[in-house]
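S.K.: Sequence:
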Amino acid sequence: MFLLTRVEYTAEQIFKIKQLRQLVERSRELQVGTDDVFLTKFLHYTHWDTIKAYQAIHAYYDFKHKHPSWVARHPIEHYRKISTARAVAL
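For the sequence shown, counting from 1, position 11 maps to -5 in our numbering; every step adds exactly one.
There's no promise every hint is true.
Below, simulated BS3-like cross-link-like pairs (lysine-lysine); rule was C-alpha separation at most 30 Å, straight line [said to hold, decoys possible]:
1) Lys48 to Lys2
2) Lys50 to Lys25
3) Lys25 to Lys2
4) Lys0 to Lys48
5) Lys36 to Lys48
6) Lys50 to Lys36
7) Lys25 to Lys48
8) Lys0 to Lys36
9) Lys36 to Lys25
10) Lys0 to Lys25
11) Lys2 to Lys36
12) Lys50 to Lys2
13) Lys50 to Lys0
Restraint-style ranges between C-beta atoms, simulated for each label pair [to be verified]:
14) Arg10 to Pro52: 34 to 44 Å
15) Thr(-6) to His51: 17 to 27 Å
16) Lys48 to Ala(-5): 28 to 38 Å
17) Glu61 to Ala(-5): 31 to 41 Å
18) His51 to Glu(-4): 11 to 21 Å
19) His42 to Val21: 32 to 42 Å
It is worth saying that the hints were derived from the structure and are not from the lab.
For glycine and all other residues, C-beta sits at the position ideal for the given N, C-alpha and C.
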């Protein structure tokens, strides 16, 4: 349901998404996705402040690198199978 929902962005939000995309693509340290959904998660978190969003992306991946056991490493399908198996067992 949520994956099929299309989000309408304001002109200012579109500009900020493009700004953040450029920052991420120019970064030598970050090799991450630049699709709208990924970028807007960080922009929304930082109240659409592109610099703070860029810093938040860095902080997230720094944390993930320093604490790999704390962050999910499997594709979502792995967890879906586990939760489905548990639901059937109940």
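S.K.: Each hint should be assessed against the structure and marked as holding or not.
M.R.: Verification of the hints:
1. For a cut-off of 30 Å, the pair hint linking lysine 48 to lysine 2 stands: about 25 Å separates their Cα positions.
2. With a CA separation close to 22 Å, the supplied pair lysine 50 and lysine 25 stays within the 30 Å bound.
3. Taken as a hint, the lysine 25 and lysine 2 pair is honoured in the structure, with Cα atoms around 14 Å apart against an allowance of 30 Å.
4. Under the criterion of a C-alpha separation no larger than 30 Å, the hint pairing lysine 0 with lysine 48 is consistent with the structure, at around 25 Å.
5. Simply put, lysine 36 and lysine 48 have alpha-carbon atoms about 18 Å apart, close enough for the 30 Å limit, and the pair holds.
6. At roughly 21 Å between alpha-carbon atoms, lysine 50 and lysine 36 fall within 30 Å of each other, so this suggested pair holds.
7. The hinted pair formed by lysine 25 and lysine 48 meets the criterion: a straight-line CA distance of about 17 Å does not exceed 30 Å.
8. As the CA atoms of lysine 0 and lysine 36 are separated by approximately 12 Å, the hinted pair is consistent with the 30 Å bound.
9. Proposed proximity of lysine 36 and lysine 25 is supported: the alpha carbons are some 12 Å apart, at most 30 Å.
10. This hinted pair checks out: lysine 0 and lysine 25 have alpha carbons roughly 12 Å apart, not beyond 30 Å.
11. The hinted pair formed by lysine 2 and lysine 36 meets the criterion: a straight-line CA distance of about 15 Å does not exceed 30 Å.
12. This hinted pair checks out: lysine 50 and lysine 2 have alpha carbons roughly 29 Å apart, not beyond 30 Å.
13. For the suggested pair lysine 50 and lysine 0, the alpha carbons sit about 29 Å apart, so the restraint of at most 30 Å is met.
14. Taken as a hint, the range 34 to 44 Å is violated for the pair arginine 10 and proline 52, whose Cβ atoms sit roughly 26 Å apart.
15. The beta-carbon spacing between threonine -6 and histidine 51, approximately 36 Å, falls outside the hinted interval of 17 to 27 Å.
16. The supplied range of 28 to 38 Å is met by lysine 48 and alanine -5, whose beta-carbon atoms lie about 33 Å from each other.
17. A hinted range of 31 to 41 Å holds for the C-beta pair glutamate 61 and alanine -5, which are about 37 Å apart.
18. At about 35 Å, the CB distance of histidine 51 to glutamate -4 disagrees with the hint of 11 to 21 Å.
19. Here the CB-CB span from histidine 42 to valine 21 is close to 19 Å, at odds with the stated 32 to 42 Å.
Of the numbered hints listed earlier, those contradicted by the structure are 14, 15, 18, 19.
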